[in-house]
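Trainee: Quick mapping for you: the protein sequence lines, in order, are chains C and E.
Take the first sequence: its letter number 271 is residue 271 in this note's numbering, and every next letter is one higher.
Quick note, this note's numbering runs 272 ahead of the 1-based positions in the second sequence.
If you're looking for bench data, these hints aren't it; they were derived computationally from the structure.
This structure is a prediction, so every number in the text was calculated from the model and none was measured.
In this text, a Cβ means the ideal position worked out from N, Cα and C, and glycines have one as well.
Please note that a few of the clues may not be correct.
[Stated by the list, open to error] Incomplete in silico selection of chain E near chain C, CB under 7 Å: (1) Glu282; (2) Arg285; (3) Ala601; (4) Phe664; (5) Asn667; (6) Ala681; (7) Ala684; (8) Lys685; (9) Pro687; (10) Lys708; (11) Phe711; (12) Lys722; (13) Arg724; (14) Phe734; (15) Trp738.
[To be verified] Listed next, the in silico DSBU-like pairs over lysine-lysine satisfying Cα-Cα at most 30 Å (straight line): (16) Lys722/E x Lys302/E; (17) Lys174/C x Lys302/E; (18) Lys507/E x Lys469/E; (19) Lys743/E x Lys24/C; (20) Lys46/C x Lys24/C; (21) Lys307/E x Lys174/C; (22) Lys374/E x Lys346/E; (23) Lys24/C x Lys708/E; (24) Lys46/C x Lys708/E.
[Stated by the list, open to error] Computed from the model, here is a short list of chain E residues facing chain C with C-beta under 10 Å: (25) Ala284; (26) Arg440; (27) Thr521; (28) His600; (29) Gly676; (30) Pro729; (31) Thr733.
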Amino acid sequence: MTSSAPQDPPLADVQGGGAPGRPKVGLFVTCLVDLFRPSVGFAAVKLMEDAGCTVEVPAAQTCCGQPAFNSGDRDDTRAIAASVIRAFEGYDYVVAPSGSCAGMLKKHYVELFEDDPAMKQRAEAFSARVFELVSFLTDVLGVSSVDARFEGTATYHDSCSGLRELGIQSQPRKLLATVDGLELSEMRDSDVCCGFGGTFCVKYPDISNKIVGEKTRTIAETGADVLLAGDLGCLMNMAGKLKREGTAIEVRHVAEVLAGMTDQPAIGGGRR
Amino acid sequence: MQITSPGFKENARTALDDAPLQRALGNVRKGFIEKRAKAAAALPEFDVLRDNARDIKDHVLAHLDLYLEAYAEKVEAAGGHVHWAETAEDARRIILEICRDKSARTVTKGKSMITEEIGLNDFLEEHAVAPVETDLGEYIIQLRGEHPSHIIAPAVHVNKDQVEADFRRVHTHLDPARNLEEPTTLLSEARGVLREKYFEADIGITGANFLIAETGTSVIVTNEGNGDLTQNLPKTHVVVASIEKIVPTLDDVSQILRVLARSATGQDMSVYTTFSTGPKRDIDPDGPEDYHVVLLDNGRSAMLGSEFQDMLRCIRCGACMNHCPVYHAVGGHAYGWVYPGPMGAVLTPSLMGVDKSGHLPNASTFCGRCESVCPMRIPLPKMMRHWREREFSRNLTPATARYGLGAWAFFAKRPALYQAATRVAMAVLGRLGRSKGRFSAMPLAGGWTKYRDLPAPEGETFQAQWAKRRKAA
């Protein structure tokens, strides 16, 4: 892994108690990675350690609170947010292998504390330190290439929150271009929603199915061997549909490929 | 019109199974999106104009009372009449009174979503006044006895062969052997039929894209010129518009016009942008002798100062629905009332009550594409979430969702308990799904597994593995 000069915010300014030049990162694992695909968490740890970070995983974390937030349950969201903020104070950066969860932490926590100035201030300080994994590597740590190998053609889906809340689009492609053996074949409408939408996919399964069906069609058109994205929710949705359709396309989180950790079966794939 | 939003799920199911509709919706997915992207990219100041447009409307909404009064004074000064309608019923009554006063039997209509909102056509017909829609799309759906499925492309759900069949069914005075293969032939036929109607009409009714306070002018944008004929040929012109259509000055209108058509159809400007100020003056060669404006509130003033005020910036370009995956899947009629797509998901609960339209703000993946293209920078997903909050606090959220959420939140707020419970659950699920890597059915997860397999967890949770790794280190 090589790094160029890091950009905003400069590492020298961090104050989380990490060794000089070795930022201390708190990994926000995300509930789906924790429960369904821990290997994505370990890939994230490897990528950040290789880039010179000290990575810790606070035990007092569960979920970012989005299911409650998007269901209109502000009280529970606020309680969850407050405990996440507490758990991650003392880190230079808070990094999540998900644009959706990172977006929740970075873009929505502050508004939960409009009526609590002290907590709002803490939320603001917290949000400023939150990043999604891949953009953290490229935009903060200045990583410009990875030391990984993957034989095959990949296509990349832009998950909505990462794309539109955090501006993640070029970063994963830039790093994927440095993976040995990997060729990227772009799908049509890679920026169109996969139909997951959190609880949406089970509240409106008929509509969700229609949307993901359009998505798997554009995925299949690329002829790719593997579908990559940066959000496990979207990946499980698309993997579930691809499997149901009986296609052989593998589905993986982009971090697995960037970290060169693709030995475990793909998402929804069985033991070989 | 009758609201069918409570049946959104059934409406959606029907729409998904409707093959001709699905064929028609393919056009929305392609044309509008590409054209808008091209138009936006070609104008370097596009995003700055969006900021300006937002600021102009925010300013108006902060002083709406003053601007409405100023506008009304200017209309009266130009010889027009202003009518204030608090409800849809008031607006219908006022318009009918004007029709009776003029002994009107036929009215031509320019395209107007507000007249859809107040259910004007049915009401006029009940009172022996014949409304004739003159916008091609509106004309088609009037022939079909339908409502618009899109706010700028009302007949976007109809395919060409269906239009041909409708024209043959209704235009019986024309040669049955005529060739209607080409879209332009259909267009000419509609034009020919409608041309007669303009001369028969006693009153022309239009909506308004903008009302200009500084001059008392109403503005419409159209692509067919039907709006101009509607408002200029009959002796009376009635403008029906909602109160948030006000902008302060001609300069302000010019700025917003630059983002309107680009966002809607990808045109730099619509073909016709028409400004009307009062009735015909002595020096004017033509125009209506009488000019009325009906200003409709219908729930909008209650949105001022609420978390839904930003919705009143909407200029009805349709970009949000053009870019919405849910709209693409089910089309506009499934939403069950006048306004579909993301803007409808926010506006319908505001105007009709969230108890009747609670599905609409819920039927969104929050993909954010609507907000990313909205020329007025309306935070649509955020406002849909606000509706979900209102529902949750009023106990309108479905019980199963509520209990599920409650159980989940109980654990999510207690990390130690959560980790102990998930460790066991994932170990079991991981073992069950180990060989296949996925489940094709799962109790309580039918919403997921009806159409998709559920990927199995790897087994041991990350937190459990990490704790072991720490201990070993």
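Trainee: Of the numbered hints stated previously, which ones are contradicted by the structure, given in increasing order?
Mentor: 1, 5, 11, 23, 26 and 27
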